[in-house]
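A.B. asks: Spelled out from the first residue to the last, the chains are:
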Amino acid sequence: MEIKVLGPGCPKCKQAEQVVREAVAESGAAATVEKVTDVMAMAKLGVFSTPAVVVDGKVKCAGKVPKKEEVKGWLGK
Amino acid sequence: MKAQASQNTVEDGRNQNAHDDRESVRKGAWPPAARLSAGLLLPAAWWLLYTNLLPLSLFLTGALSGVAGFDPEGHFGKSLGFFIFETPKILLLLVLVVFGVGIVRSFFTPERTRAVLAGKSESAGNVLAALLGTVTPFCSCSAVPLFLGFVTTGVPLGVTFSFLISAPMVNEVAVVLLFGLFGWKVAAIYAGTGLCIAIAAGWVIGRLKMEKHLEDWVLELPPGGPDSGEERMGWAERVRYGQDAVRDIVGKVWPYVALGIAVGAGIHGYVPENFMASFMGKSAWWSVPLAVLIGVPMYSNAAGIIPIVQALLGKGAALGTVLAFMMAVIALSLPEMIILRKVLKPRLIGVFAGVVATGILIVGYTFNLLF
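Chains as they are written, first to last, in the working numbering: chain E, 22 to 98; chain L, 85 to 455.
Some hints here could point you the wrong way.
[Unchecked claim] Here are the computed lysine to aspartate or glutamate pairs in the DMTMM-like style, where the Cα-Cα straight-line distance is at most 20 Å: (1) E/LYS89 - E/GLU23; (2) E/LYS35 - L/ASP328; (3) E/LYS65 - L/ASP300; (4) E/LYS88 - E/GLU23; (5) E/LYS33 - L/GLU321; (6) E/LYS89 - L/ASP328; (7) L/LYS426 - E/ASP59; (8) E/LYS35 - L/ASP332; (9) E/LYS89 - L/GLU321; (10) E/LYS65 - L/GLU299; (11) E/LYS85 - E/GLU43; (12) E/LYS88 - E/GLU43; (13) L/LYS204 - L/GLU295; (14) E/LYS85 - L/ASP328; (15) E/LYS33 - L/GLU420; (16) E/LYS88 - L/ASP332; (17) E/LYS88 - L/ASP328; (18) E/LYS79 - E/GLU91; (19) E/LYS33 - L/ASP328; (20) L/LYS426 - L/GLU304; (21) E/LYS85 - L/ASP332; (22) E/LYS35 - E/GLU47; (23) L/LYS296 - L/GLU206; (24) E/LYS88 - L/GLU321; (25) L/LYS429 - L/GLU304; (26) E/LYS89 - L/ASP332; (27) E/LYS93 - E/ASP59; (28) L/LYS429 - E/GLU91; (29) E/LYS85 - L/GLU321; (30) E/LYS89 - E/ASP77; (31) E/LYS65 - L/GLU304; (32) E/LYS56 - E/ASP77; (33) E/LYS89 - E/GLU55; (34) E/LYS33 - L/ASP332.
[To be verified] Reference listing, derived: stretches of chain L covered by chain E, where coverage requires no fewer than 3 residues with Cβ under 8 Å from a Cβ of chain E: (35) 186–199; (36) 227–234.
[Unchecked claim] Each pair of labels, with its calculated beta carbon distance range: (37) L/LEU343 - E/GLY49: 40 to 50 Å; (38) L/MET421 - E/GLY97: 25 to 35 Å; (39) E/MET22 - L/ALA199: 26 to 36 Å.
No wet-lab data here; the hints were simulated from the structure.
Please read these numbers as outputs of a predicted model, since none were measured by experiment.
Idealized CB from N, CA, C, for every residue including glycine.
Extracted from the complex, chain E is given alone in its bound form (with noise of 0.2 Å):
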């Protein structure tokens, strides 16, 4: 599984790819987790408010840092 999660780099951002680290770390799901910070891959994937979570190619939530079971029910764990 590929997990992206999108943020230029505010404080919100950091919180975001934290909870999600976590949530991975805590499922043992094997995923890889890579924070993109460049507004033109955002664009491209189609977010427009971070902090955005992306699985798999799909836009899972926007504009808020997830909730940690939130992550793992995407997960499917």
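Put chain L on the given structure of chain E with help from the hints.
C.D. replies: For chain L alone, coordinates are given in the frame of chain E:
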């Protein structure tokens, strides 16, 4: 044996309950009674503290002067008294307003705002965009993605700029500080003229037909993404949204507020009267443009700059000059323009900065003439 087994079950049941309670406390879902009493007690405590701040601060300054042995009416005593009174006052106001604005914001999302603006014609769209800019929640560094989202869903460029100008300029922290330190008139003037600049500047940028000065890759983007599945919020959630806003915003700005008021307090106590009149007074025509020029490269938090500016005003600086300086610091910042450079060609950035700066100059001169 049997008795013990049932005992165990009871024990388990109790543990289960305790566990449930802990679970619900952790999730912030208080029992209704606790929620009700918190809802009544907190505002009462707030009001009591707020209305008694002056005697409290006088008492504290007096007590400190007795212990440390300084004159409460002297330079230091006056500065300290100002600091002890103003800091908690501003922080109390901030908590209240940021919480309220947080609840209002929970009704808006960038996606919803975008959808509202997408169908609007220019003039009405500019007004609406400037107003929505003040209540739509978005994290400061989201400005560029948000900009792209607006432009690609067919929000006119000028309308998008109205939104982008009003969002940072007319923000609750600046308005609360102005209200607390200058009174409601100045706060209202600031918010009103800020909105006018956002509306007018966006309208002008729209008239200039600058679309071709967007970076080329922006124009090639597919039309804006779909709504990210919007969730309905209950009131408990909205209250939590407000609490989060308080934690986020007040938690971030309080050191700047305290520092700004401390510097302001120093100016109050030590800088001679009319010290500022010679170079930030009304009679110096060049003071308004100078204030804007100094303000642009400063990327200071409004929270820190306003108390200092208030102290300067007391020393003879003119209101229009001070307003212009504040608007320039908040609305036009160098770092923001560097980020915008990714999506805008230099000419459009120049026009954006020029139009907004002109608006600020007009406001500055107008107020120097009127007051």
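A.B. asks: Does the structure break any of the earlier hints, and which numbers would those be?
C.D. replies: The structure conflicts with hints 27, 28 and 38, although it agrees with all the remaining ones.
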